[in-house]
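Protein chains in written order, with our numbering: chain A, 389 to 723; chain B, 389 to 723.
Keep in mind the hints are simulated off the structure, nothing from the lab. Quick caveat: nothing in here was measured; it's all calculated off a predicted structure. A hint or two may mislead.
Identical chains blur together in the list; that is why a pair holds if it fits in one copy or across any two.
[Unchecked claim] Mimicking DSS-like on lysine-lysine, the simulated pairs with C-alpha atoms at most 25 angstroms apart in a straight line are: (1) K504 / K578; (2) K469 / K578; (3) K578 / K458; (4) K584 / K515; (5) K468 / K578.
There are 2 protein chains.
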Amino acid sequence: MINPIRIAVDAMGGENSPYKVIKALEIHKKTNKNIFYNIYGNKTLIDPIINKTSLSKTDYKIFHTQNFIKDTDSPLSAAKKGKDTSMWLSIESIKNGESDVIISAGNTGALFVIAKLNLKMIDKIDKPALSALWPNKNGMNIVLDLGANIECNEKNLIDFSFMGSALHKSLFENEEPKVALLNIGSEELKGNITIKNTYQSLTESKNSLFKFCGYIEGNHIMDGDVNVIVTDGFTGNIALKTAEGTANFITSELKSALSSSILGKLSSILNYKNLLKFKKKLDPRLYNGAILLGLDKPVIKSHGSTDELGFANSLSVCEKIVNGNLIQKIKKNIV
Amino acid sequence: MINPIRIAVDAMGGENSPYKVIKALEIHKKTNKNIFYNIYGNKTLIDPIINKTSLSKTDYKIFHTQNFIKDTDSPLSAAKKGKDTSMWLSIESIKNGESDVIISAGNTGALFVIAKLNLKMIDKIDKPALSALWPNKNGMNIVLDLGANIECNEKNLIDFSFMGSALHKSLFENEEPKVALLNIGSEELKGNITIKNTYQSLTESKNSLFKFCGYIEGNHIMDGDVNVIVTDGFTGNIALKTAEGTANFITSELKSALSSSILGKLSSILNYKNLLKFKKKLDPRLYNGAILLGLDKPVIKSHGSTDELGFANSLSVCEKIVNGNLIQKIKKNIV
Numbered sequence: 389m390i391n392p393i394r395i396a397v398d399a400m401g402g403e404n405s406p407y408k409v410i411k412a413l414e415i416h417k418k419t420n421k422n423i424f425y426n427i428y429g430n431k432t433l434i435d436p437i438i439n440k441t442s443l444s445k446t447d448y449k450i451f452h453t454q455n456f457i458k459d460t461d462s463p464l465s466a467a468k469k470g471k472d473t474s475m476w477l478s479i480e481s482i483k484n485g486e487s488d489v490i491i492s493a494g495n496t497g498a499l500f501v502i503a504k505l506n507l508k509m510i511d512k513i514d515k516p517a518l519s520a521l522w523p524n525k526n527g528m529n530i531v532l533d534l535g536a537n538i539e540c541n542e543k544n545l546i547d548f549s550f551m552g553s554a555l556h557k558s559l560f561e562n563e564e565p566k567v568a569l570l571n572i573g574s575e576e577l578k579g580n581i582t583i584k585n586t587y588q589s590l591t592e593s594k595n596s597l598f599k600f601c602g603y604i605e606g607n608h609i610m611d612g613d614v615n616v617i618v619t620d621g622f623t624g625n626i627a628l629k630t631a632e633g634t635a636n637f638i639t640s641e642l643k644s645a646l647s648s649s650i651l652g653k654l655s656s657i658l659n660y661k662n663l664l665k666f667k668k669k670l671d672p673r674l675y676n677g678a679i680l681l682g683l684d685k686p687v688i689k690s691h692g693s694t695d696e697l698g699f700a701n702s703l704s705v706c707e708k709i710v711n712g713n714l715i716q717k718i719k720k721n722i723v
Numbered sequence: 389m390i391n392p393i394r395i396a397v398d399a400m401g402g403e404n405s406p407y408k409v410i411k412a413l414e415i416h417k418k419t420n421k422n423i424f425y426n427i428y429g430n431k432t433l434i435d436p437i438i439n440k441t442s443l444s445k446t447d448y449k450i451f452h453t454q455n456f457i458k459d460t461d462s463p464l465s466a467a468k469k470g471k472d473t474s475m476w477l478s479i480e481s482i483k484n485g486e487s488d489v490i491i492s493a494g495n496t497g498a499l500f501v502i503a504k505l506n507l508k509m510i511d512k513i514d515k516p517a518l519s520a521l522w523p524n525k526n527g528m529n530i531v532l533d534l535g536a537n538i539e540c541n542e543k544n545l546i547d548f549s550f551m552g553s554a555l556h557k558s559l560f561e562n563e564e565p566k567v568a569l570l571n572i573g574s575e576e577l578k579g580n581i582t583i584k585n586t587y588q589s590l591t592e593s594k595n596s597l598f599k600f601c602g603y604i605e606g607n608h609i610m611d612g613d614v615n616v617i618v619t620d621g622f623t624g625n626i627a628l629k630t631a632e633g634t635a636n637f638i639t640s641e642l643k644s645a646l647s648s649s650i651l652g653k654l655s656s657i658l659n660y661k662n663l664l665k666f667k668k669k670l671d672p673r674l675y676n677g678a679i680l681l682g683l684d685k686p687v688i689k690s691h692g693s694t695d696e697l698g699f700a701n702s703l704s705v706c707e708k709i710v711n712g713n714l715i716q717k718i719k720k721n722i723v
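Next up, chain A with everything else stripped away, as it sits in the complex (with noise of 0.2 angstroms):
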């Protein structure tokens, strides 16, 4: 047997833990063998869960903390009293080569600046960014940054294409990497100069880990014809935001216009295997999870307000950017 992927989990992040995350263990556990965990958090708190679900005791080890970072900590007090919290330790256990990998469901901007305090930023890359998955209508994009850096250079944008295109090949290793610049119009006049620069150098530029296919509107982002796009972090993060609420409002809608009168509720229990289908499609815990890309070790931060198939689903998302190389491929493809 090959060894196991050693996952370091904050077990005290978001809402609802540690209940959410050793549930989300035993589901991700289940359909993936070849797993180990490593656990941080309260064992007091832990232990009388993690005892009641299907986990062997084979299967994972406790790291007693008695501290953990509050979703209201200001991302500098975390870092101060951060050593004996779960985070900390979680990501220490990947800095010392204990774990693969780091998930954290916890206070995004402690997770950011702990993680910078303690690992290394991949050699000539300058800023980390925030990615995440975004359906579209042909399979998954790779957006980025979301929110990690408010003002980008070129020489960011760049980094953000190749290290968007190797997660995403890293993730579906079948797919081509094709990448686009978010921008306000499809023409090459439109959008600042930045954006105009690193059009310009991602136009020259031969590579052979993604295809560059120019600027994308955001009506577009979702048309599959692109799979990884490249953005600023303020402009990324109200795209992703504004496509979740939009998405929000328009499902609370139909909601309300379905069961206004009794024939419309009727008529949706016929349609119920229909109507579930469509929101396991747009279920957000699919997509659950932002990759922190830059790092010489992979950093993933679940959703806060998730819950524990949100979080199982986010594990996946660890255990095959282990197996994708995704660290090694960003390496060998950066320039």
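Fit chain B to the supplied structure of chain A, relying on the hints for placement.
Leaving out everything else, chain B in the frame of chain A:
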């Protein structure tokens, strides 16, 4: 009878024109009696269409012009060849006081440049902004800028707050304009320096036009807690188009889910009325039309691809803007 509102209509812009434009006038006229249309376009094409409508010859005047601006024209070439085009002449019509408001479904960039060439800026306003209606849970948002200015300073964003509020008040006179700045975090700490300074100034400013409600993130745009969303033209354009793309993606997924089985199709028929209600509420034609703010006359841009119903809705926006004294409201409140 009070003087009719005179709308200058560029009949040649956008898809399927002048047909859709003339049909839209017919639809609009039915519910809006005190209106007169100054129509600019090719009389040979317009006459056979308009003669088949219920419009009376006292409802309009056609100003014949052979030339028109194409969607493929660059703003600069449009401005050069412009003087005898339907777009240029319809803008001249408000410049000369022959009309009260102008509407076109043509080339946005060209409309912007020709309007700026012909019309004066409102005193104390540095940059015009493109604004539009965007539905929320309780009614309608005004969002601006949507692409007129890629980069904006603090003064611009403050001006946009006033102009957007004046527009909201003109369209929905019984509601209080509530302004929020689009940002990537609700805490005061996030965002770039321009946004932070604008936040500070708006917090300190006392005005009777709007209430300043702080920052808003993309996922809350449609919550209905605020109704005027202010941002730079790059971010606003990306946000609007991303929302559009997300809405299209979800409704097409829904459609395919609901028709993927015979039972699904049957129950969708049963639920026809509710689904129609849903569709109607989200119909983009209801929100058709961008309003160029900052010039001393009102300029309305209809979506090029909308149909007669969408164009007719934009004609209603024209009417409300004149009745609501938009320009006077801006002039009175701008600081």
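Copy assignment of K584 with K515, given that the CA separation must stay at most 25 angstroms: Both: 20 angstroms inside a copy, 23 angstroms across copies.
Alpha-carbon proximity between K504 and K578, which holds within one copy, between copies, both or neither at 25 angstroms: Between copies, since 19 angstroms is at most 25 angstroms while 35 angstroms is not.
Intra- versus inter-copy proximity for K578 and K468 (alpha-carbon distance at most 25 angstroms): between (44 angstroms within a copy, 20 angstroms between copies)
Alpha-carbon proximity context of K469 and K578, limit 25 angstroms: This pair counts as between: shortest inter-copy Cα distance 22 angstroms, intra-copy 46 angstroms.
Copy assignment of K578 with K458, given that the CA separation must stay at most 25 angstroms: between (42 angstroms within a copy, 18 angstroms between copies)
Hint compliance for this structure: no hint is broken.
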